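Trainee: What follows is each chain in one-letter form.
Protein chains: 2
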Amino acid sequence: MGKICFGVDLGGTTVKMGLFAVDGTMTDKWEIVTRKEENGKYILPDIAASIQKKIEEQGFKREEIAGIGIGVPGPATEDGTVLKCANLGWDVFNVTDELSRLTGIENIKVGNDANVAALGEMWQGGGRGYRNLVMVTLGTGVGGGVILNGKILTGSRGAAGEIGHIKVKYDETDTCGCGKTGCLEQYASATGIVKQANRALEQYRGVSSLQQKKTLTAKMIFDAAKEGDALAVKLVEEFGENLGLALAQIAQVIDPEVFVIGGGVSKAGQIILEVVRKHYEENVMFALKNKAFCLAELGNDAGIFGSAKMVLE
Amino acid sequence: MGKICFGVDLGGTTVKMGLFAVDGTMTDKWEIVTRKEENGKYILPDIAASIQKKIEEQGFKREEIAGIGIGVPGPATEDGTVLKCANLGWDVFNVTDELSRLTGIENIKVGNDANVAALGEMWQGGGRGYRNLVMVTLGTGVGGGVILNGKILTGSRGAAGEIGHIKVKYDETDTCGCGKTGCLEQYASATGIVKQANRALEQYRGVSSLQQKKTLTAKMIFDAAKEGDALAVKLVEEFGENLGLALAQIAQVIDPEVFVIGGGVSKAGQIILEVVRKHYEENVMFALKNKAFCLAELGNDAGIFGSAKMVLE
Numbered sequence: 001m002g003k004i005c006f007g008v009d010l011g012g013t014t015v016k017m018g019l020f021a022v023d024g025t026m027t028d029k030w031e032i033v034t035r036k037e038e039n040g041k042y043i044l045p046d047i048a049a050s051i052q053k054k055i056e057e058q059g060f061k062r063e064e065i066a067g068i069g070i071g072v073p074g075p076a077t078e079d080g081t082v083l084k085c086a087n088l089g090w091d092v093f094n095v096t097d098e099l100s101r102l103t104g105i106e107n108i109k110v111g112n113d114a115n116v117a118a119l120g121e122m123w124q125g126g127g128r129g130y131r132n133l134v135m136v137t138l139g140t141g142v143g144g145g146v147i148l149n150g151k152i153l154t155g156s157r158g159a160a161g162e163i164g165h166i167k168v169k170y171d172e173t174d175t176c177g178c179g180k181t182g183c184l185e186q187y188a189s190a191t192g193i194v195k196q197a198n199r200a201l202e203q204y205r206g207v208s209s210l211q212q213k214k215t216l217t218a219k220m221i222f223d224a225a226k227e228g229d230a231l232a233v234k235l236v237e238e239f240g241e242n243l244g245l246a247l248a249q250i251a252q253v254i255d256p257e258v259f260v261i262g263g264g265v266s267k268a269g270q271i272i273l274e275v276v277r278k279h280y281e282e283n284v285m286f287a288l289k290n291k292a293f294c295l296a297e298l299g300n301d302a303g304i305f306g307s308a309k310m311v312l313e
Numbered sequence: 001m002g003k004i005c006f007g008v009d010l011g012g013t014t015v016k017m018g019l020f021a022v023d024g025t026m027t028d029k030w031e032i033v034t035r036k037e038e039n040g041k042y043i044l045p046d047i048a049a050s051i052q053k054k055i056e057e058q059g060f061k062r063e064e065i066a067g068i069g070i071g072v073p074g075p076a077t078e079d080g081t082v083l084k085c086a087n088l089g090w091d092v093f094n095v096t097d098e099l100s101r102l103t104g105i106e107n108i109k110v111g112n113d114a115n116v117a118a119l120g121e122m123w124q125g126g127g128r129g130y131r132n133l134v135m136v137t138l139g140t141g142v143g144g145g146v147i148l149n150g151k152i153l154t155g156s157r158g159a160a161g162e163i164g165h166i167k168v169k170y171d172e173t174d175t176c177g178c179g180k181t182g183c184l185e186q187y188a189s190a191t192g193i194v195k196q197a198n199r200a201l202e203q204y205r206g207v208s209s210l211q212q213k214k215t216l217t218a219k220m221i222f223d224a225a226k227e228g229d230a231l232a233v234k235l236v237e238e239f240g241e242n243l244g245l246a247l248a249q250i251a252q253v254i255d256p257e258v259f260v261i262g263g264g265v266s267k268a269g270q271i272i273l274e275v276v277r278k279h280y281e282e283n284v285m286f287a288l289k290n291k292a293f294c295l296a297e298l299g300n301d302a303g304i305f306g307s308a309k310m311v312l313e
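These protein sequence lines are chains A and B, in that order.
The opening residue of the first sequence carries number 1 in this note's numbering; numbering runs sequentially from there.
The opening residue of the second sequence carries number 1 in this note's numbering; numbering runs sequentially from there.
Honestly, the hints are just simulated from the structure, not real lab data.
No experiment lies behind these values; they were computed from the predicted model shown.
Even for Gly, the Cβ is constructed at its ideal location relative to N, Cα and C.
There's no promise every hint is true.
As the list claims (entries may be wrong) - Stretches of chain B that chain A covers, calculated by requiring three or more beta carbons in the stretch to come under 8 Å of a beta carbon on chain A:
| # | region |
| --- | --- |
| 1 | 123 to 129 |
| 2 | 148 to 155 |
| 3 | 203 to 209 |
| 4 | 213 to 221 |
Stated by the list, open to error - Here are the in silico distance ranges between beta carbons for each label pair:
| # | chain 1 | residue 1 | chain 2 | residue 2 | range |
| --- | --- | --- | --- | --- | --- |
| 5 | A | N149 | B | K61 | 34 to 40 Å |
| 6 | A | D23 | B | Y170 | 45 to 51 Å |
| 7 | B | A230 | A | N300 | 44 to 50 Å |
| 8 | A | T217 | B | G89 | 52 to 58 Å |
| 9 | B | D91 | A | T217 | 50 to 56 Å |
| 10 | A | T173 | B | K278 | 37 to 43 Å |
| 11 | A | K84 | B | K29 | 47 to 53 Å |
| 12 | B | D91 | A | E202 | 41 to 47 Å |
| 13 | A | D23 | B | Q52 | 38 to 44 Å |
| 14 | B | S209 | A | K267 | 42 to 48 Å |
| 15 | A | K29 | B | E237 | 29 to 35 Å |
| 16 | B | A49 | A | K84 | 56 to 62 Å |
| 17 | B | E237 | A | D171 | 17 to 23 Å |
| 18 | A | K289 | B | K289 | 18 to 24 Å |
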């Protein structure tokens with residue numbers, strides 16, 4: 001085992017990178033731009049060059065490098081094959097082999113970004129101390145990651161933890177980005193929350209502070225609910241109903257120890273945990289009640305932490 | 001490793017037992033009655049005595065016995081602790097320790113009966129050749145088992161795979177045995193199917209062969225559907241909608257390779273696979289489409305096979 005490793009979080013706009021001591025301490029952190037030109041052919045070479053530069057700057061020897069972990073924005077199988085990352089322009093290929101060839105480093109671990117973030121939160125974030133965890137990331141979309149016995153559940157096609165597309169409504173007429181209707185993502189993502197609020201505002205006969213906002217955000221809705229605005233309270237309740245139900249469905253399948261809630265929406269804080277827990281309890285059978293719920297703690301760094309952890313486990 | 005092992009399937013009425021060579025061949029099979037008197041205190045001693053008798057009859061030496069696997073009708077954690085088996089009268093205790101003490105055999109593995117049956121089907125039944133499998137057992141209730149990388153997913157409280165209590169209807173007024181409403185078990189178990197049929201018959205204005213039956217069974221409904229009876233076809237379609245939706249929700253969480261459908265209801269055969277597959281596909285995201293579906297093959301022996309496999313893996 002080496003002395004240091006790299007954790008890489010490959011996103012559609014930037015690549016976040018972290019340098020870690022094998023004891024888990026992050027000693028450096030930086031970003032490069034994700035060059036998506038020509039079907040993303042420059043992305044891995046850019047990452048390799050950036051890592052190479054860091055190795056030279058810090059004077060590491062080859063044998064001191066334990067490996068590189070990388071989280072990618074799409075399904076990835078256990079051997080590191082990506083099955084298309086639409087927003088990078090990538091087709092099907094093996095990231096492990098390619099990044100190994102480019103860097104000369106053999107130990108390369110590849111994971112889906114949401115799964116990797118879940119592993120990061122288990123390791124040094126909100127899920128510390130647990131080994132069986134479900135993380136749900138409420139951002140522009142809804143992502144998810146399942147950790148069982150301390151390891152990422154990848155699934156047979158790299159699509160485990162796609163909990164944003166659990167169906168929670170049967171009477172929805174609008175279509176989700178995935179082509180289905182009634183997906184959790186349509187109600188619990190930042191965009192989904194705003195969309196539901198705008199729908200409700202059209203119908204609403206009462207007075208709400210939300211009516212004065214030109215462009216609504218999820219934050220405004222949670223803030224208004226905290227101040228007792230009746231419409232906002234109702235919207236937050238509906239958000240909790242949908243997310244709580246989805247987490248209950250997940251528990252019926254895998255019986256985890258804890259749910260970690262992250263992503264931009266989770267910055268609303270305790271109000272999220274309260275409303276989700278309430279509806280989780282209503283929808284889950286006796287043996288699965290009283291699970292732990294907590295907020296994510298690593299923010300945008302969860303991916304680089306989790307990527308490093310894949311190498312170190 | 002020994003030469004033989006025992007697989008035990010502990011049910012509320014009988015205990016099924018199998019003797020296996022370590023290559024997986026079942027060489028003997030027998031049953032004893034489950035004595036539930038005095039909170040089930042005789043059950044494990046009876047099992048131990050029956051195994052002891054078989055060992056003596058066949059003249060096995062201690063070192064030839066690889067171990068005993070046992071499936072129990074309730075949640076069981078990985079260390080063999082049962083968390084109440086209501087229909088045996090059992091409270092919380094460690095089955096591994098107790099059965100080891102009674103038999104003098106050290107290698108005892110304990111699992112929930114539905115999980116153990118899933119392992120059996122993976123090993124020598126409908127799921128042969130797969131390592132990531134979900135089994136759903138459609139009997140009096142709906143049971144489930146999840147196998148990941150060839151091993152039972154137990155869950156943090158032994159309640160993984162409780163898929164009979166996934167919520168599939170939001171407008172149900174009747175209560176499930178678990179206390180919730182709208183559980184899969186209310187629509188896809190043998191009892192549930194009959195109940196839904198009786199509900200439909202009350203409202204039905206057309207002519208159906210089901211109207212002539214004094215006491216309906218699930219088999220009658222599937223048989224009538226195969227003959228084109230319009231009401232029965234509609235009922236089977238609704239059954240498929242509910243089960244297909246539940247399996248889609250499961251796939252969004254764990255992305256298995258195959259679904260194995262067993263239990264008495266599954267004797268209806270291919271019609272089940274067709275209708276479930278159709279509604280699964282409607283409810284699952286692109287990356288999870290076209291999964292394998294198959295029927296269970298081991299019938300009532302799945303439990304003893306799976307119990308033996310726990311010892312041999």
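Trainee: Now look at each hint and say whether the structure bears it out.
Mentor: Evaluation of the provided hints:
1. 123 to 129: With 0 residues in contact (Cβ-Cβ under 8 Å with chain A), the coverage given for the region 123 to 129 of chain B is violated.
2. 148 to 155: It holds, with 4 qualifying residues against the three required.
3. 203 to 209: violated (count 0)
4. 213 to 221: violated (count 0)
5. A/N149 - B/K61: 34 to 40 Å: holds (36 Å)
6. A/D23 - B/Y170: 45 to 51 Å: holds (49 Å)
7. B/A230 - A/N300: 44 to 50 Å: For A/N300 against B/A230, whose Cβ atoms are near 57 Å apart, the range 44 to 50 Å is violated.
8. A/T217 - B/G89: 52 to 58 Å: Cβ of A/T217 to Cβ of B/G89: about 56 Å, so the range 52 to 58 Å holds.
9. B/D91 - A/T217: 50 to 56 Å: Holds, at about 52 Å.
10. A/T173 - B/K278: 37 to 43 Å: Since the Cβ atoms of A/T173 and B/K278 sit about 22 Å apart, the hinted range of 37 to 43 Å is violated.
11. A/K84 - B/K29: 47 to 53 Å: Holds, since A/K84 and B/K29 (Cβ atoms, about 49 Å apart) stay within the stated range.
12. B/D91 - A/E202: 41 to 47 Å: Violated, since B/D91 and A/E202 (Cβ atoms, about 56 Å apart) do not stay within the stated range.
13. A/D23 - B/Q52: 38 to 44 Å: Distance hint for A/D23, B/Q52 is violated at roughly 52 Å.
14. B/S209 - A/K267: 42 to 48 Å: Violated - the Cβ-Cβ distance for B/S209 and A/K267, about 60 Å, lies outside 42 to 48 Å.
15. A/K29 - B/E237: 29 to 35 Å: Since A/K29 and B/E237 have Cβ atoms about 55 Å apart, the given range 29 to 35 Å is violated.
16. B/A49 - A/K84: 56 to 62 Å: Roughly 59 Å apart at Cβ, these two residues keep to the hinted range, so it holds.
17. B/E237 - A/D171: 17 to 23 Å: Holds - the Cβ-Cβ distance for B/E237 and A/D171, about 19 Å, lies within 17 to 23 Å.
18. A/K289 - B/K289: 18 to 24 Å: violated (34 Å)
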